[in-house]
Structure formats: structure tokens, C-alpha cells
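Q: Chain by chain, the residues:
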Amino acid sequence: MNRINQKLKEDKTLLSIYFSAGYPSLNDTVSIIENLEKSGVDMIEIGLPFSDPLADGPTIQASSTEALKNGMTTNVLFDQLKDIRKTVSIPLIVMGYFNPMLQYGVEAFCKKCQDIGIDGLIIPDLPVDVYNDQYKAIFETYGLINVFLITPQTSVERINFIDSISNGFIYMVSSASVTGSSSGFGDEQTAYFKRIANMKLKNPQIVGFGISNNETFTQATQYAKGAIIGSAFIKHLSNQGVNAITNFVKSIID
Amino acid sequence: MSYNINDKGYYGEFGGAYIPEMLYPNVEELRQNYLKIMAEPSFKEEFDQLLKDYVGRPSPLYFAKRLSEKHNTRIYLKREDLNHTGAHKVNNTIGQILMAQRLGKSRIIAETGAGQHGVATATVCALMGMECIVYMGEIDIARQAPNVARMKMLGAQVRPALSGSRTLKDATNEAIRDWINNPVDTHYIIGSVVGPHPYPDMVARFQAIVSKEIQWQLKEKEGTSKPDYVVACVGGGSNAAGAFYHYLDDTDVKLIAVEAAGKGVHSGESAATSALGREGIIHGSKTLLMQTNDGQITEPYSISAGLDYPGVGPMHAHLYASGRAEFISITDDEAMVAGLELSKLEGIIPAIESSHAFAVLDQKTFKADDIVVINLSGRGDKDLQNYIDYFKL
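For the protein sequence lines, the chains are A and B, in the order given. All you need for the working numbering is the position in the first sequence, starting with 1, plus 1. All you need for the working numbering is the position in the second sequence, starting with 1, plus 5.
The hints are all genuine.
Below, simulated BS3-like cross-link-like pairs (lysine-lysine); rule was C-alpha separation at most 27 angstroms, straight line:
no.: 1; chain 1: A; residue 1: Lys-70; chain 2: B; residue 2: Lys-268
no.: 2; chain 1: B; residue 1: Lys-13; chain 2: A; residue 2: Lys-137
no.: 3; chain 1: B; residue 1: Lys-349; chain 2: B; residue 2: Lys-397
Note that these hints are calculated values from the structure, not bench results.
Work out the full structure, taking the sequences as your base and the hints as a guide.
A: So, in C-alpha cells, the structure goes:
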């Protein structure tokens with residue numbers, strides 16, 4: 002069974018952390034992943050940096066730009082991760098924009114992910130219908146779970162369709178925003194979290210965007226299986242460095 | 006075979022809507038409504054009336070006698086430079102502001118590189134009394150000060166794009182992020198035939214007035230609606246899309262798309278996407294774009310700020326891949342010389358973008374009885390400082 006599905010079966014609230022590979026330094030990738038696992042994080046999203054990250058706010062834009070300047074490429078990332086399964090056992094997801102994967106070759110990319118032990122992909126600009134028509138079979142061949150996003154504006158019909166073609170979890174974007182821009186959740190978000198929970202979808206939901214501390218993590222996971230933190234973690238990394246990762250994780254889940 | 010868009014939003018293999026889910030409701034709303042709205046009699050009437058009374062259409066189709074003699078062929082200029090705001094851009098912004106009103110939107114966002122599309126958008130927002138926010142790269146704001154001032158006079162707010170290379174592609178990213186953050190009340194007026202479906206098709210349809218007029222104007226002057234050639238410059242490609250539109254499937258008419266080679270196609274400072282680009286995804290569209298082997302989008306260069314976009318619209322990618330249009334790259338130097346020649350022979354100072362199209366006359370031999378229509382997409386006022394610096398005027 003895919004590590005993501007196993008993890009989702011556990012009777013606990015999940016914390017997933019996103020970071021941009023190649024930031025703060027090119028070769029921090031493995032040590033960030035190992036430190037996150039040791040600190041008790043349940044799942045990791047490894048960001049493959051892109052020059053034009055449309056769905057990201059200033060923090061992730063900046064870390065992506067810096068990572069590219071540091072020399073991060075698809076090949077460099079795969080090379081850094083080649084022995085990751087010797088030390089790390091939690092689910093690992095690669096999150097990135099579609100163009101770098103397209104240039105690598107979608108099938109070659111998926112095969113490489115399987116070889117390394119990557120469990121899933123999140124590709125914000127690969128549309129659901131294109132995936133379903135052209136790439137679903139390839140992802141399945143290589144045992145990869147593709148994770149789709151929904152937002153407060155996504156129609157019920159479309160959520161049901163996304164649920165039907167998903168086989169891991171649904172990435173629930175907390176509000177109409179790019180990453181890193183919200184400061185706390187209001188009644189509107191709570192109503193949306195409740196509304197989705199009441200749909201009784203077959204895939205559990207993990208909330209992302211706008212989660213930065215214990216308070217927002219608790220709010221987001223009241224009705225969902227877990228939550229994802231990206232920008233706040235990257236800010237912490239730039240201020241405190243790789244060695245202080247445990248402090249950050251403790252501040253969220255303790 | 007049709008060279009126009011298919012019902013799935015693709016030109017051949019190019020196009021589509023490669024957008025994050027956050028944008029889906031906005032783009033889908035537009036996709037479901039744009040053709041319906043454009044077909045409404047009240048929309049057509051208002052669009053036509055504004056193009057006539059406000060923009061000053063039809064723009065003349067002018068027989069350039071002295072230029073024709075010099076190049077021993079028959080050259081007509083489609084005078085988009087005479088439109089209000091000085092270029093073809095306003096055809097699209099008029100159409101899109103009417104579209105935004107009918108979609109019930111109250112807030113307009115746009116991206117701009119040199120500032121021409123920003124000015125055209127600020128103009129129509131002033132005309133309709135709508136809030137207008139224009140994203141512009143921080144570097145472009147510094148080098149295009151007069152257009153920044155124009156936008157401010159017209160009541161627009163100009164917001165600097167501080168990310169990435171801080172030019173047009175980053176301004177486009179910022180506008181898209183704004184739209185993600187404001188999904189309900191905002192319409193995004195894209196300035197070219199780029200972006201996710203339905204934008205390339207919608208913008209091409211608004212610009213199609215250019216070739217529609219060429220057809221009847223040429224019929225009046227030459228007794229035929231078909232020229233032998235239509236020549237237009239391509240950055241994103243909206244003026245070319247307009248000039249080609251009604252000739253796309255008429256293969257008697259040869260189409261020439263002119264890209265900016267900058268300091269030379271292989272100099273490392275170029276915007277010749279067809280020569281240097283590969284298939285990929287930029288701003289929600291599968292098209293040809295300039296990128297690294299690794300799929301990172303690279304920064305183009307041209308002396309003309311309107312042509313330095315790292316992609317082309319999907320229609321043009323298809324015209325290139327299918328061989329329907331001939332693509333020619335013109336260097337900065339060739340364009341500047343051609344701009345000066347048009348000024349001296351015809352008394353018309355072109356925008357440097359348009360000068361690229363005129364430089365084709367030195368690159369290619371036309372027959373004496375060929376009818377060559379060149380789309381004069383914009384006037385050169387905005388480029389005066391560039392011409393002054395280049396020619397030490």
C-alpha cells in the first residue's frame with residue numbers, strides 16, 4: 002500500500018510540511034527532510050522550484066528564486082533524493098509546476114519518482130481533465146498518487162468529480178488566495194471547512210494555505226484530517242536555519 | 006484543416022487552460038459566456054459604436070507609394086497607429102471592458118510591459134468609470150515613465166511586480182495572483198492572445214476587426230479582398246492575430262509573422278521564440294516558449310519592449326508548427342533602419358515593434374505585382390527616446 006494511504010489510516014491529525022528544495026542552501030534537502038521526520042512531521046512536500054510560480058505568494062516565490070540561483074534543477078533534486086528511503090519512512094510528495102515535469106518527460110519523471118520512493122505528486126497547474134485524459138494511467142503505472150486542489154469557489158459537482166478520480170487525499174485550499182497570505186481564519190472559512198466535511202467524500206481532506214501557527218493549525222484540522230504548512234516554515238528556515246526545525250514543529254503540534 | 010481554435014480550446018496541439026484550481030471558476034465563467042455575450046446584438050452595437058466614435062475606426066488602409074517604389078512591390082499599410090491611444094491594443098480593451106460589465110465585474114486588473122496595454126486598459130476603465138489596477142515590472146516602470154504617468158492621469162493604480170525578473174512575465178504572474186486573491190468581483194484584461202483558453206480566442210476575435218476591414222478596404226482599392234501577403238510583428242501576437250484572422254483558412258494569402266531577434270537570434274539576447282523556444286507551458290497555455298533545458302522560463306530581450314515576451318500565443322505556435330505562416334526574425338539594428346526608412350519615405354514614424362515588420366522588406370523579395378499588407382500596429386511617439394539614443398538625433 003502507498004505510504005500516503007497508510008498514513009491517512011492512522012487515527013491522528015496529520016501535519017504536512019512544504020519546503021522549496023535547494024533553499025536555504027542547495028544541499029539542505031536531505032537534512033531538512035530527516036529533521037522534519039525526527040520532529041514528528043507526518044508527511045513532507047518537497048517543492049521543485051519554478052521560475053514562475055503562479056499560485057504562490059512572496060515567501061515561496063522568493064525561496065524558489067533563491068533555490069534556482071543556488072543551482073537546483075530536476076536532476077539535482079533526484080540525485081539528492083536517491084538514497085532518501087534508507088533514512089526516511091514517512092510519505093514524501095513532490096510539489097511543483099507542470100512545465101519542468103513536461104520538459105523532463107512526464108513518464109520519465111514518474112518513473113524516477115517511483116525509483117526514489119516518492120509517493121505522490123501535487124501539480125497545481127495540471128488541470129483535472131488533462132490529467133484524467135492523458136496522464137492518469139502513467140501515474141498509476143508508477144504507483145503515484147496525484148493530489149488535486151479544491152477551493153471555496155469549487156462547485157459541488159466539480160468536488161465530487163475530483164473526489165472520484167482521487168485516490169489519496171484532497172488538498173483543500175483554505176481561502177481564495179495565493180500561498181502565505183492569510184492571517185487567521187474567520188467564520189467564512191469555518192463554514193467552508195464544515196460544508197466540505199459534511200460532503201462525506203471518499204478521500205480525506207488536508208487543508209493548506211494560510212496555516213502558520215498552532216491556532217490556525219487547530220482551526221484548520223477541526224473538520225479535516227490534517228493541514229499543510231509552507232510559507233511559515235520557510236520563513237522559520239530563513240530566520241533560524243535547518244537546526245531549529247524541531248522548535249518550529251513543536252510550536253505547531255504541542 | 007482549420008487554423009483556428011477547436012471546440013476544446015486548442016490550436017492543433019497548442020492552447021488549453023493549464024491553470025491552478027483557484028483560477029478555474031473565473032476562467033470557466035468566462036469560457037461559458039464569452040461567445041454568447043459577443044453574439045448579443047446589444048454587445049455588438051456598443052462595441053462597433055465605440056470602435057467608430059471613440060477609437061476612430063475604420064483605420065485607413067493606405068497605399069504606400071514611395072515605399073512601394075523603393076521595394077518594387079505594392080505595399081499597403083493598415084494604420085492601427087492612428088487608433089486612439091496609438092496602437093491596436095485598444096480594440097481588445099474596449100471589447101473586454103464591455104465583457105467585464107456584462108459579467109457583472111466592478112474591478113479591472115491588467116499586466117503591461119512597455120505600458121501600451123496598461124494605457125489602453127486605463128483608458129477604457131476611465132471611459133466606463135471602473136477601478137483599474139495595472140501590474141508592471143519594477144524595471145519596466147523605471148524605463149517607461151511617460152506611460153506610467155499616462156496611466157496615473159487616467160486614474161489607474163500602477164503596482165510594481167517585484168518578483169522574478171521584474172518585467173512583463175512577472176507582471177503577468179502578479180496579475181494572475183491578484184485574480185486568485187479576488188475571484189468574484191474582478192476581471193483580468195489580458196493584453197495579448199496569450200493565457201489560458203478562452204483568452205487567446207477572445208482577444209483574437211476582438212482584434213479580428215483589423216483583417217475584416219482589410220478585406221473590404223482592399224476590395225475597394227484593388228478589386229480583391231485577398232492580398233498576396235499579410236505581414237505583422239509578433240510578441241505575444243495580438244496584432245498579428247487580428248491581421249491574420251480572416252485569412253487563416255485562406256491559404257492563397259501568405260502570412261508572415263515577424264519576431265524580434267534582438268542582438269541576433271543566437272546572441273543570448275533575443276526574443277525569437279519560434280527559433281529558440283520549445284513546447285511548454287507559460288501563463289496557463291501550452292505553446293512555444295523560451296526556457297532552459299530544465300523547463301525554467303527565461304528572460305527574452307528586444308530593443309522593443311512590446312516584443313520581449315518569452316512565449317507566443319498558441320495560435321502562432323500552431324501557425325509556426327504547421328507551416329501556415331512564415332516566421333522571420335529581425336534584429337534591433339534591422340528594425341531601427343526600417344523604422345527610419347518608413348519615416349523618411351512616408352512621413353510615418355512607427356512604433357519599434359511595427360518597425361520589425363517593415364524590416365521584412367529588406368529580407369525578402371516580393372514580386373512587382375504582389376500586394377503586401379503590413380500591419381502598422383502602433384505609432385512611434387512612445388519610442389522617441391529610443392530612436393534618439395540609437396540614431397544620436
